[in-house]
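In order, the protein sequences belong to chains V and S. Okay, so the first sequence: first residue is 6 according to our numbering, each after it adds one. Okay, so the second sequence: first residue is 6 according to our numbering, each after it adds one.
A couple of the hints might just be wrong.
Said to hold, decoys possible - Pair ranges (Cβ atoms, derived):
| hint | chain 1 | residue 1 | chain 2 | residue 2 | range |
| --- | --- | --- | --- | --- | --- |
| 1 | S | A18 | V | E106 | 30 to 36 angstroms |
| 2 | V | L22 | S | D189 | 50 to 56 angstroms |
| 3 | V | R301 | S | R156 | 43 to 49 angstroms |
Hints are computed from structural coordinates only; laboratory data are not their basis. Note that beta-carbon positions come from the ideal geometry of N, C-alpha and C, so glycine has one too.
Protein chains: 2
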Amino acid sequence: MVSESTVRRVQLAAKALKYRPNPMARGLKTNRTMMIGIVIPDLTNALFPPIIRGAESVLSGSGYISLIADTDNDPERERESFDALRARQVDGLIVASAQREDWALRSADAADMPVVLINRRDDQANLPVVMGDDASGIEQSVRHLIELGHRRIGHLAGPSELSTGVARTRAFRQWMFELGGDSDPDLIVETDTYSVEEGARAGKILLDTAAPTAVIAGNDQLAVGLLDVVKERGMRCPEDLSIVGYNDMPYMDKLSPPLTTVRVPHAEVGAEAARILLRRLEEPDLDPSTVALQVRLQVRGSTASPRTS
Amino acid sequence: MVSESTVRRVQLAAKALKYRPNPMARGLKTNRTMMIGIVIPDLTNALFPPIIRGAESVLSGSGYISLIADTDNDPERERESFDALRARQVDGLIVASAQREDWALRSADAADMPVVLINRRDDQANLPVVMGDDASGIEQSVRHLIELGHRRIGHLAGPSELSTGVARTRAFRQWMFELGGDSDPDLIVETDTYSVEEGARAGKILLDTAAPTAVIAGNDQLAVGLLDVVKERGMRCPEDLSIVGYNDMPYMDKLSPPLTTVRVPHAEVGAEAARILLRRLEEPDLDPSTVALQVRLQVRGSTASPRTS
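The whole structure should be built from the sequences, with the hints applied where relevant.
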């Protein structure tokens, strides 16, 4: 117990000396390393840097620093990353690389390290998740195309090993049914990865077998790959085919044509995940919750009414 | 000293048990933390993730993990990042955020921590640097435009606080002189930051005061900002103005028109910086060298002959 005047003198001296608390010294007392691991499936996918920046802005405000691991969508590298981060005794993990059957993640969770997931979830692990509202994003996309007069709407589905792929495809089926789109199963083609190359490969199959007038892609990279195929074939977007993406990555508004896509508040996703993780460090028994942040369709030049309508 | 047969038995057993060395345990013996700090000026600038991935591919192969700090181009945050990384006792630093007068960097270097710079250098610190060959990239750009018939070529110069800004502008002046471009000082307008917004602001001034037929931008973001202004004004690229960028960020080939720009081997820049850092950890007295990797102009739709020629 110290007197109020002593407290004031210490505070003034600290200010005069520009004292900043040393996170490592504080960690010694609290038995923490003040490091948080952030595991990303693909750092070169432009949606992850804003998520990391959002998380870091919250973490650094509390004296934490982040160790970033990039798994390159490889489950073996994901396992190695968890091992390496655990060996460095990070205080917790933010994981954006979860597969639906993620054994590495389940063992990390079992090791009693606080974990918060971003975007992608494991089907069984009972962990908090922060994500954009996938069902709402797809609903807005389908509704927009139906209102333009499209019925023959295709879907380039994300990988079925990832929860985002499954959730968006499920929402696509639901809203096509509710809003009166065609129900031909050929209108859905699944991709193996979220990449421009897969968008082109699966996009060719979709165009050849289903002849849609509009396509909702599982993410922007798939949409960009489809757009490449449309141009290669001498078709025009949006006159011959409307295209909708998902995520609104940087520069999607500057493509030719500018891409209609679902904007996800990525920085806020990262920030909210960091807040939840910090709360779990204080209260480990907190029930895990799912936070779905609002998303909004950005209507741009890649969607228009079909020519026949 | 152990016998050869014992060594062989240990190796076989290690293989059978899928033994992987524990970097932290090894660090105890070598007094290392097996962590490398990577300091980035702007993680959301799409050129840095491939640099990080390149560096990590080399570091992880040697059992190192990287701590990534994002300074958001703020010298105060750069200083805090150095403090935080030093407090975690990283074994070395890869720094892509250097200013030409970088006091935080000079004190980190003075603390006897091995440092390798990427792209940007401090004017005085005697440190190894890995970068693309800026002079060659600008030479190729000027030569391309001169061969197309341009003489009135403008330059959106990068910030003069950064070595890349100064080096590219110096090369621009030199090659405009050697290859017979106009020498009007109004043809060079300096920017405050490498951003789309600054490209638009400085681009307006350049168009209004110098009326160039072509512009070489200090990087792709400045080029994208200039392209926005051209479109706003109802001008056409390349018919009314040719534009050349620098870096070849992702999606620059998909803009409207696709951007002619200088491709820098970013993953290789990161990998080479990591190799040099690992070498310096073994031999601290190694002389610092500058490695300038080859760059190549990617000619695309944003450049053409001027209308008057």
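Hints and how they fare:
1. Taking the beta carbon of each, A18 (chain S) and E106 (chain V) are about 32 angstroms apart, inside 30 to 36 angstroms as hinted.
2. L22 (chain V) and D189 (chain S) have their C-beta atoms about 53 angstroms apart, which keeps the hinted 50 to 56 angstroms range intact.
3. About 47 angstroms separates the C-beta atoms of R301 (chain V) and R156 (chain S), a value consistent with the hinted range of 43 to 49 angstroms.
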